[in-house]
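Chemist: This is what each chain is made of:
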Amino acid sequence: MKYGIVVNEGPYQHQSSDSAYLFCKAAIEKGHEVWRVFFYHDGVNNASKLTEPPQDDRHIVNRWGKLNEEHGVDLVVCVAAALRRGIKEENLAKGFRISGLGQMVEAGVKTDRLIVFGD
Amino acid sequence: MSDVKKFMFVNRKAPYGTIYALESLEVVLITAAFDQDVSLVFLDDGVYQLKKGQQTKGIETKNFSPAYRALEGYDIEKLYVEKESMEARGLSEEDLLVDVTVLGRAEMGELMDQQDVVLSF
Amino acid sequence: MLHIINKSPLMNSALDSCLRVAPSGDILLIEDAVYAATTGNAFESKMQEAMKRFKIHVLQPDLEARGLGDRIIAGIMPVDYGGFVELTTTNNNCQSWL
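Chains as they are written, first to last, in my numbering: chain A, 1 to 119; chain B, 1 to 121; chain C, 1 to 98.
FYI, nobody ran anything at the bench for these hints, they're computed from the structure. In this text, a Cβ means the ideal position worked out from N, Cα and C, and glycines have one as well. One or more hints might be untrue.
[Unchecked claim] Straight line, CA to CA, 30 Å or less: simulated DSSO-like cross-link-like pairs of lysine-lysine:
| no. | chain 1 | residue 1 | chain 2 | residue 2 |
| --- | --- | --- | --- | --- |
| 1 | A | K25 | C | K55 |
| 2 | B | K83 | C | K55 |
| 3 | A | K110 | A | K66 |
| 4 | A | K30 | C | K55 |
| 5 | A | K30 | B | K6 |
| 6 | A | K110 | B | K78 |
| 7 | B | K78 | B | K5 |
| 8 | A | K25 | A | K2 |
| 9 | A | K49 | A | K25 |
| 10 | B | K83 | B | K5 |
| 11 | B | K6 | A | K110 |
| 12 | A | K30 | A | K2 |
[Unchecked claim] Here are a few chain B residues that sit away from chain C, every Cβ distance over 12 Å (derived from the structure):
| no. | residue |
| --- | --- |
| 13 | F34 |
| 14 | Q36 |
| 15 | T56 |
| 16 | G58 |
| 17 | K62 |
| 18 | A67 |
| 19 | Y74 |
| 20 | I76 |
| 21 | G90 |
| 22 | D95 |
| 23 | V98 |
Work out the full structure: start from the sequences and follow the hints.
Modeler: Okay, here's the thing in structure tokens:
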């Protein structure tokens, strides 16, 4: 199956980005394709390369980046939501790209399932 | 056009207290450009998004409620409000700023089951 | 349809709304909604009612994280993330009640 994922909340604040990540990992392990993860609302904060969690904690931002690197998951950050919250090309973490909301709609059109994680 | 899917946007949150209602509306407007079959549903506190007479000057926030009236111009005409949610809030159709179809909870549940993509914010 | 709930029913109406509107199907309780799958709280009788119409699943890692892995209501099915993925394939569509 081909999946699209939407993440609506920021990392560390809310469990939704952890849930979304663990879902993606499990789907890939089962042989499914995670075609795109779209970050919206405060979810855009998942893409900040300025993120520095404590040593003994998971690195949510880099974890997403690895999904992109190892499995080609397209990580798209909504431009309007990102600009509102101070996420720009200059502080965008590796593996993410900034684009329009149309990319979320496209994920709904082109995948078999679109799963939303949020508050 | 094998790519036409049934998209439903479920709005369950009130406006202004959080940004979800506004950013949901932004997605709806974009979806219109993709020629999909779009429905908007207002449930629970989401019904408050459609309340007439919103005046946001005092909170220095943009009043985005007129945009619901513009949806028709984007060919988004399927707006549904759940009867039970509306009544539980002491509202009637006359209190709403756009024409909507009022559905009972069972009809609403059936409509949801028929969708391909359900987005909630 | 798969209904995904992530809020405690004692704090938020998401689960109540789902039970009011949806006719039947699968419900998966994740994050703070896992409290709804446990015995002895004020929502349990509603959950027992709901089990007559829905198949209820609970995300086991979220339940265990909250110290309630041994309090699951009989008849509610625990799943891991793989089981979560499975539920999205066996249902034609899904809805997160945010």
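Chemist: Would you mind marking each hint as holding or not holding in the structure?
Modeler: Verification of the hints:
{"no.": "1", "hint": "A:K25 with C:K55", "in the structure": "holds, 25 Å"}
{"no.": "2", "hint": "B:K83 with C:K55", "in the structure": "holds, 26 Å"}
{"no.": "3", "hint": "A:K110 with A:K66", "in the structure": "holds, 23 Å"}
{"no.": "4", "hint": "A:K30 with C:K55", "in the structure": "holds, 23 Å"}
{"no.": "5", "hint": "A:K30 with B:K6", "in the structure": "holds, 27 Å"}
{"no.": "6", "hint": "A:K110 with B:K78", "in the structure": "holds, 23 Å"}
{"no.": "7", "hint": "B:K78 with B:K5", "in the structure": "holds, 14 Å"}
{"no.": "8", "hint": "A:K25 with A:K2", "in the structure": "holds, 13 Å"}
{"no.": "9", "hint": "A:K49 with A:K25", "in the structure": "holds, 21 Å"}
{"no.": "10", "hint": "B:K83 with B:K5", "in the structure": "holds, 26 Å"}
{"no.": "11", "hint": "B:K6 with A:K110", "in the structure": "holds, 13 Å"}
{"no.": "12", "hint": "A:K30 with A:K2", "in the structure": "holds, 12 Å"}
{"no.": "13", "hint": "F34", "in the structure": "holds, 18 Å"}
{"no.": "14", "hint": "Q36", "in the structure": "holds, 14 Å"}
{"no.": "15", "hint": "T56", "in the structure": "holds, 24 Å"}
{"no.": "16", "hint": "G58", "in the structure": "holds, 28 Å"}
{"no.": "17", "hint": "K62", "in the structure": "holds, 23 Å"}
{"no.": "18", "hint": "A67", "in the structure": "holds, 21 Å"}
{"no.": "19", "hint": "Y74", "in the structure": "holds, 24 Å"}
{"no.": "20", "hint": "I76", "in the structure": "holds, 20 Å"}
{"no.": "21", "hint": "G90", "in the structure": "holds, 17 Å"}
{"no.": "22", "hint": "D95", "in the structure": "holds, 21 Å"}
{"no.": "23", "hint": "V98", "in the structure": "holds, 21 Å"}
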